[in-house]
Structures are given as structure tokens and as C-alpha cells.
Amino acid sequence: EVQLVESGGDLVMPGGSLRLSCVVSGLTFSEAWVNWVRRAPGKGLEWVGLIKGKTYGGTVDLAAPVKGRFTISRDVSKSTVYLQMNSLTTEDTGVYYCGTDFGWGGGDYWGQGTLVTVSS
Amino acid sequence: DIQMTQSPSSLSASVGDRITITCRASQDIGNELCWYQLKPGKAPKRLIYAASSLQSGVPSRFSGSGSGTEFTLTISSLQPEDFAPYYCLQHNNFPRTFGQGTKLEIK
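Going down the list, the sequences are from chains A and B. Under the working numbering, the first residue of the first sequence carries the number 1, and numbering increases by one thereafter. Under the working numbering, the first residue of the second sequence carries the number 1001, and numbering increases by one thereafter.
Next comes chain A alone, as it looks inside the complex (with noise of 0.2 angstroms):
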């Protein structure tokens, strides 16, 4: 059974950083794409940011609001894909989930979800 994790969630203040992790079972981890999503307060859905499976090189692509601040990566000891998130604003408050790579036929998981509020 896939399963996907998150943790680390948690109130900053403005400027902060925080890690989220978000551990990954139940399938080829050095392989999978995973993305992170978030939901703001009141809005909508966005995508922030994608690390693609090793095959493909294992490489980045963040969302234009979060690039230059946030940067993900993965440790294959631990199946956990990161999220770091540096200069934090209040832009950056809602629930974080990671999941699945949006296309794959495999199947379509994600993490329970992660609150991150950046208040001072």
C-alpha cells in the first residue's frame, strides 16, 4: 500500500524557515515524482514545487512565488522527500500536501496535509 507522510508543519514568524518531510512507502521511492500543493486560507489549489524520480535526473521545478526561497530534495535512506522553505511570508500560510505525480496511471496518494502559519 503507498503511503505519504507529512510532518514539520508549525507556526513561523515572517523571515523564518521551516522543513517539511513527507515520507514515502509502498513504492520505488528513488523512482517516484513527488509534488508539493498547497491550499491558502480561503483560496485555492497551487502547486509549489516537483522532484522528479532518479531516472529523470532527480531534478527540481518550483512554482515562480517560491523559487529563490524554497528548494526540495530527497533522502533515499530515509524515503522522505524535504521541503525547505527560507524568508518565509504570510503569503506562504496554509496546508502543505505532497503527493504522487499528478499523471502517474499508477495510482493517485497523498499526505494527510501540514499546517504551516507564518504570523508574527
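There's no promise every hint is true.
[Claimed, not checked] Here are the simulated EDC-like cross-link-like pairs (lysine to aspartate or glutamate), alpha carbons at most 16 angstroms apart as the crow flies:
1) Lys1103/B x Glu1070/B
2) Lys67/A x Glu91/A
3) Lys1107/B x Asp1082/B
4) Lys1039/B x Glu1081/B
5) Lys52/A x Glu91/A
6) Lys1045/B x Asp101/A
7) Lys67/A x Asp1082/B
8) Lys1107/B x Asp1017/B
9) Lys1045/B x Glu91/A
What the hints contain is simulated information worked out from the structure, not anything from laboratory work. Being a predicted model, the structure only gives us computed values, none of them experimental.
With chain A held as given, fit chain B onto it using these hints.
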């Protein structure tokens, strides 16, 4: 960036109604489009992938169609649990982009 224009932004309907939501892409995305349902406190739920493939476990009253730049999500007979926001998403190019969403409400 590819813009996804979703309409309508809100829709009031009754149980048993047939409804259609449309997404238009600003450029050709082939069939690389998904539809998601979002409920409070829950992760997004993929209903349709590859524009018209029904996600396993999703009721057959949901269907998707289209290719290129025009896509539709149809719910053939609304059930009480279907009243929720819906989003399209293109994954043809980076950045991935969602439509603005359609809030489906009970009339």
C-alpha cells in the same frame, strides 16, 4: 506559463442534476489534464487523469473529456457528497497550473 481558465467559478445545482465544468488551457496541453475534488480537511482527490480516464474507485457518474485546449468534467447525476470545490490541473509543462476552481453548491 500555461494559464488554465476554469468556468463557472461557482455553480448551484440540485441532487440528481447533471452538471458540466469547463477548463480552457492557454496553449495545447494534449491530454495532460487532471480533475480534482477538494473537501475541507482532506487531501485533494483525483477524479480524472489523462483528461478522460476515471480514477479507480471514483463513481462512474464522473466523466472527463477533451484534448488540446478545451476540457470538461461532467457529473451525470449529482449526489449529496459531490457538493465541493473542483479544480483542473495541467501537467504538460512547468510550472504546473491549476484552474481557479469551481465551487459546487446545493441549490
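Here is what the structure says about each hint:
Only pairs whose Cα atoms come within 16 angstroms are accepted, and Lys1103/B paired with Glu1070/B is rejected, the gap being roughly 20 angstroms. A C-alpha spacing of about 14 angstroms is found between Lys67/A and Glu91/A, which places the hinted pair at or below 16 angstroms, so the restraint holds. Among the hinted pairs, Lys1107/B with Asp1082/B is consistent with the structure: their alpha-carbon atoms are about 13 angstroms apart, no more than 16 angstroms. With a C-alpha separation of about 10 angstroms, the suggested pairing of Lys1039/B with Glu1081/B holds against the 16 angstroms cut-off.
About 26 angstroms separates the Cα atoms of Lys52/A and Glu91/A, which puts this hinted pair outside 16 angstroms; it is violated. Between the alpha carbons of Lys1045/B and Asp101/A the distance comes to roughly 13 angstroms, so the proposed pair stays at or under 16 angstroms and holds. In summary, the hint linking Lys67/A to Asp1082/B is not supported, as the alpha carbons are separated by about 35 angstroms, beyond the 16 angstroms threshold. Between Lys1107/B and Asp1017/B, the direct Cα distance comes to roughly 10 angstroms. Compliance with the 16 angstroms bound is thereby established for this hinted pair.
The suggested pairing of Lys1045/B with Glu91/A is violated, with an alpha-carbon distance near 24 angstroms, which exceeds 16 angstroms.
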